[in-house]
Every structure is written in structure tokens, then in C-alpha cells.
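*Asks:* Chain residues, written in single-letter form:
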Amino acid sequence: MLFLDETKAIVESLLFVSNEPLSIKQLSEIININPDITQRIVEDLQAEYTKNYHGFHLIEVAEGFLFVTKPEYDLYIQKLFKPQLSTLSHAALETLAIIAYKQPITRSEIELIRGVKVDKIVNTLVEKNLIEELGRKEGPGRPIVYGTTKDFLKYFGLKDLSQLPSLENLKHQEE
Amino acid sequence: MLFLDETKAIVESLLFVSNEPLSIKQLSEIININPDITQRIVEDLQAEYTKNYHGFHLIEVAEGFLFVTKPEYDLYIQKLFKPQLSTLSHAALETLAIIAYKQPITRSEIELIRGVKVDKIVNTLVEKNLIEELGRKEGPGRPIVYGTTKDFLKYFGLKDLSQLPSLENLKHQEE
Amino acid sequence: MRLENFEGPLDLLLHLIEKNEIDIYDIPIAKITDQYLTYINEAKFLDLDFASEFLVMAATLLAIKAKMLLPKPVKVIDEDEGEDPREELVIRLIEYKQYKEAASILRTREKEMTKVFTRNFDEAQIIKKFGPGNPVENLTVHDLFQTFKVILEKASEPEPIYEISREKISIRECMVNIMEALSVSKKGLVFTDLFPLGTSRLRIIVTFLALLELIKLNRIRFMQSGSFGRIVIFIRDDEE
Chain G
164 MLFLDETKAI
174 VESLLFVSNE
184 PLSIKQLSEI
194 ININPDITQR
204 IVEDLQAEYT
214 KNYHGFHLIE
224 VAEGFLFVTK
234 PEYDLYIQKL
244 FKPQLSTLSH
254 AALETLAIIA
264 YKQPITRSEI
274 ELIRGVKVDK
284 IVNTLVEKNL
294 IEELGRKEGP
304 GRPIVYGTTK
314 DFLKYFGLKD
324 LSQLPSLENL
334 KHQEE
Chain A
164 MLFLDETKAI
174 VESLLFVSNE
184 PLSIKQLSEI
194 ININPDITQR
204 IVEDLQAEYT
214 KNYHGFHLIE
224 VAEGFLFVTK
234 PEYDLYIQKL
244 FKPQLSTLSH
254 AALETLAIIA
264 YKQPITRSEI
274 ELIRGVKVDK
284 IVNTLVEKNL
294 IEELGRKEGP
304 GRPIVYGTTK
314 DFLKYFGLKD
324 LSQLPSLENL
334 KHQEE
Chain Y
208 MRLENFEGPL
218 DLLLHLIEKN
228 EIDIYDIPIA
238 KITDQYLTYI
248 NEAKFLDLDF
258 ASEFLVMAAT
268 LLAIKAKMLL
278 PKPVKVIDED
288 EGEDPREELV
298 IRLIEYKQYK
308 EAASILRTRE
318 KEMTKVFTRN
328 FDEAQIIKKF
338 GPGNPVENLT
348 VHDLFQTFKV
358 ILEKASEPEP
368 IYEISREKIS
378 IRECMVNIME
388 ALSVSKKGLV
398 FTDLFPLGTS
408 RLRIIVTFLA
418 LLELIKLNRI
428 RFMQSGSFGR
438 IVIFIRDDEE
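Chains as they are written, first to last, in the working numbering: chain G, 164 to 338; chain A, 164 to 338; chain Y, 208 to 447.
Next up, chain G with everything else stripped away, as it sits in the complex (with noise of 0.2 Å):
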């Protein structure tokens, strides 16, 4: 028979690392213990981490138990994703760049610019809404098109395309 607090160690370790909830069952199963202990184990943990000081919390939902973190701290975690939400790589930028000034474009002709592979930016650009498949183009294979997508245009403040600063001027500078 285990000690009392290293059943609790153990139901505490089960509970952090799962990601769906755990049943009262699934617990006792798991360390071979009596479910009426596992339920006063959880229920004591409950009440522990109720507490002010903690950050997160274990919740009974249907299936079971699950650690979650306390409503209220929704904006800092929000905060810590967040980079992850607006940063565009550079390798994407660039990527983005010329679909915005070459579309309609297959992926290999953006291949033949940039030089490298853009499987996955391409697949990350229409994940974020940035671009979209604009339909096949006629030819072997028949590749699929892509182009800036309706929130292209929000997102950098433009009405339409023909905003865009134009390569015309790109020349003139040049020259």
C-alpha cells in the first residue's frame, strides 16, 4: 500500500500530464487503488488548488477530472501565444511578397524566384488567411494558383491590389 501523499503525487503527475479529463476510474486502474481514495485524493486537490495563489485549476467535467488554467488569466496567457499569432518570418515575407505582385502563381514558379522549397510557408500563408488557391492552371499537371485573399487586403490597410506600390515606380527609382 502506497503512502497517502505519494498516491497523491502520483494522481497530481497523472492528472498535469493529460490533456483530456480522467475518470475516478481511469485513475484507480492506473495506480491500483481503492476509487473511494482516488475520489478523496481528487477531491482534496480540488480544494488545494481552489486557492488564490494558484494559477490553475482542477475542473469536473463529464468525463472526468482535467487541470485547467483559471479563467482569469486568459489575457496574460493570450499575451504569451500571441507572438506566435503576428510574427510573418522573414522566408514568409518574402513568400508573400511575391504572390501579392506575381498572382495568379503556382507554387513552383514562386520556387523558381525564391530558389528553395515553400511547401510549408505557402501551406502557413493559407493557413493565416493571407492567400488562397485561386483555381488550376491549364498544363501538365495542372498546378494549382494562388493569390492574396480578401483579408490580404484588411490586414494592410488597402482597398484593392491596384493599391499597391507599383512596380512602375520601382523602376523609376531605379533609374
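Bear in mind the hints are in silico, worked out from the structure with no lab data behind them.
All of these numbers come straight from a predicted model, not from anything done at the bench.
Errors might be hidden in some of the hints.
[As the list claims (entries may be wrong)] Just a few of them, taken from the derived set where beta-carbon distance is under 10 Å, the chain A residues facing chain G:
| id | residue |
| --- | --- |
| 1 | E169 |
| 2 | A172 |
| 3 | L178 |
| 4 | L185 |
| 5 | I193 |
| 6 | N197 |
| 7 | G218 |
| 8 | K242 |
Cβ coordinates follow ideal geometry from the N, Cα and C atoms, glycine included.
We have chain G; now place chains A and Y onto it with these hints.
*Replies:* Chains A and Y alone, transformed into the frame defined by chain G:
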């Protein structure tokens, strides 16, 4: 200014949701508090979770802090996950050891020490994100130089590279 | 123990040194070379790359062995004395051994860490929960334009070309070289002198293939003064 209990709860909630170690700097910036306070809170949390009745604790790894389960409960967690624990091959470990100590290092420099080709192993280690390209060396062919990543530190539970035993010590052990 | 159990030629050598309880600074090279060659002979090489690494080391060992057996020239210059042909190999072995130790320390740490689990949040899920946000928050249309401008400029530049030097040796060329050397020295050539320390792997292999080819063509012959004695190569006279 937040009350200390609340600040502690916020730090805890951030550490709880993060898969990656969080540094004092990151935490302080997100919560917008003095790093000294963050440091004190993190030390508090470390002390708190060391206690026997907790199933996980706060370790310092890869230049940050990370909640992980205590090693003594791994059998129970394995029962929950039935995870496939794959360890690195001996060849991969040797190659990693050389890179860890001699970085930045080129592939042919590694081959000189190991006496065998390392192309495949280096590629595998890059895929596993344990090493990365640091740039190119000046000289003929401008070969790529490699170094270890943050994931390397995390994988081996190291705070930073200085925690590796020094080669001098290894030498003396021999004699 | 099979050859596949070793990480490479250095690993095999270290094993032999440990097994024989030999002082790494004073390797009985003849003994170790014999044992090394026994391993190689018994091995079935499936992976040619792997095999070539072991063969290169075999050649190195034979070269060292030959140098140590070579009688010291009479007119020996003092400075040359004390130079041990094993030195370079010993340095390599000691360095390799260090990293082997380091690897075993990493193995211990790895084992400890496999007992430890982190929470494994699906970050994509969390991000989704917070809504899409603006993925280009810190960028303006000017950044986009500048980036494209740089791409166009880069595209108009010619690709930089680097010359990569690589030794080019053909078997034919090597055969000619060997024959020329043989025609000059009537007393023949010592086999291992064809592979001085520091000879590139490619050259060793090509030289070896050239020798095999010359034997096949009946252009050269070998003489050896007893087993493990030095091997000397001679031109085969037409009359023979």
C-alpha cells in the same frame, strides 16, 4: 501593482500552459513586472513543488523554467500513455557529443574525429531539431557549420551548455 | 563481437586496446594490427561506405607497422629521432575516446529525461481559441514592397560561383605513376610507402585499385620477407 498572490498565480498559469521553458525575462515582460519579483516567485514555486505530495515540479532547463513530472512516477504515466520511448542511437549520441563540445563545427570535422561518415546522422539530428545550421565557414566550399539547439538542452535536461562536464575532466578520469 | 557493433574503426581499435589492457601511449602496433585485420577478415560488409572506413584504417595501421619495422637509416639525423609513427593515431584515439565518454554521459542524462513528462498542449488549439488575430500586425505595405524589390535585385545578380577543389585521380593515372616510380628504383618500392600518413582516402583506394589492376596485367610482382614482413613491389620483366 498586482498583489503577490495574484502575480504568483499568473506566473503559475503561464508555466502551466507552456510546452517550452519560460525565462524570467519572458515571464516578466508578459506580466509587466520587475524581473526580481518574477525571480522570487519562481523560486517560491520551485520550493513549493519540491514537496512530497506533488507529482510534478519546476525545473530549470534550456535557459528557462518548465513544469515536468517527477521521474519517480514515470511508470504510472507510461501506463496512461503507453508511450513509445525511443532513445538516440549510439552513433547519434557520439555525433551530438562532438557537436556540443566543438560547435560551430563542420561535417567533415566531425568525420575526422569519428573516423566515419556522418551525413545521415547529421540530417537526422537536424530533423529531430537537436542541432541546427549556424551558418557557413569561410574557405573552400564554404561548408555549413552546425551547433546544438535549445531542444538539445531540453532533451538532456541541461540548463545551458556550461553544465556539460568539461572535456578536461573526462581526460583526467581516464588517467 | 561483430564489426557492426562498432561505431567505426576508432571504436574497434579502442575495444582492442581495452581488451588487451594496453597502454594507449605505447600501442604494440603489430599485435593490434593483426587483431584488427582478423576482425576485418571475418566481417561481411554489407554497407560499402562503412567498409571503406575500416579499410582506410587498416591501411593506416599497416603503414605505421611498416614504418616501425623499417631499420633506422645509418646516417640518421638527430632531430628525426624520437618521432613516433604512432603519434598521430594516438592523438586521434584519445580525442575520440573523450567524445565516447561524453556520449555516455549524455546517455545517462537522456535516460533520466525519458522518465520526465511535460504537459503537451496543442498550441495550435490554444491559438485557435484566441481567434486569428492579425498575422501581419507589425508589417506595412511598404515592407512588402521593399521585400519584393530586394528579391528582384537579387534575381538579377549572377549566382556566386565557388570553386570547390577536389582531388581528381584516375586509376589509369595512378598506374602510370606507379610504373614510372618502379622504373626509376631498381630495388623496388615498399608497399606502405605508397600510402604515407595523410594520404587522402580517395588516393589510398585508387592506388590500391591501380595495384590490383597492374597485378592482373602481369606488370608488377610482390615480394615479402616472411609473413608480416615488408612487402616490396617490383616491375615484372618481360622475360619472366
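*Asks:* Hint by hint, say whether it matches the structure.
*Replies:* Here is how each hint holds up against the structure:
A distance limit of 10 Å between C-beta atoms decides the matter here; for E169 of chain A the minimum to chain G is near 7 Å, and the interface restraint holds. Because the closest C-beta pair between A172 of chain A and chain G is about 4 Å apart, less than 10 Å, the hint holds. Hint status for L178 of chain A: holds, given a least beta-carbon distance of 8 Å to chain G, under 10 Å. For the restraint placing L185 of chain A at the interface with chain G, the shortest Cβ-Cβ distance is roughly 8 Å, inside the 10 Å limit, so the hint holds.
Residue-level restraint check for I193 of chain A holds (minimum Cβ-Cβ distance to chain G is 5 Å; threshold 10 Å). A hinted interface residue such as N197 of chain A counts as satisfied when its beta carbon comes closer than 10 Å to some beta carbon of chain G; here the least separation is about 16 Å, so the hint is violated. For G218 of chain A, the interface hint holds, since its Cβ comes within 10 Å of a Cβ in chain G; the closest pair sits about 3 Å apart. Annotation: K242 of chain A was flagged as interfacial toward chain G, and the flag holds, the nearest CB pair being 5 Å apart, inside 10 Å.
Comparing the model with each numbered hint stated earlier shows that hint 6 is the single one that does not hold.
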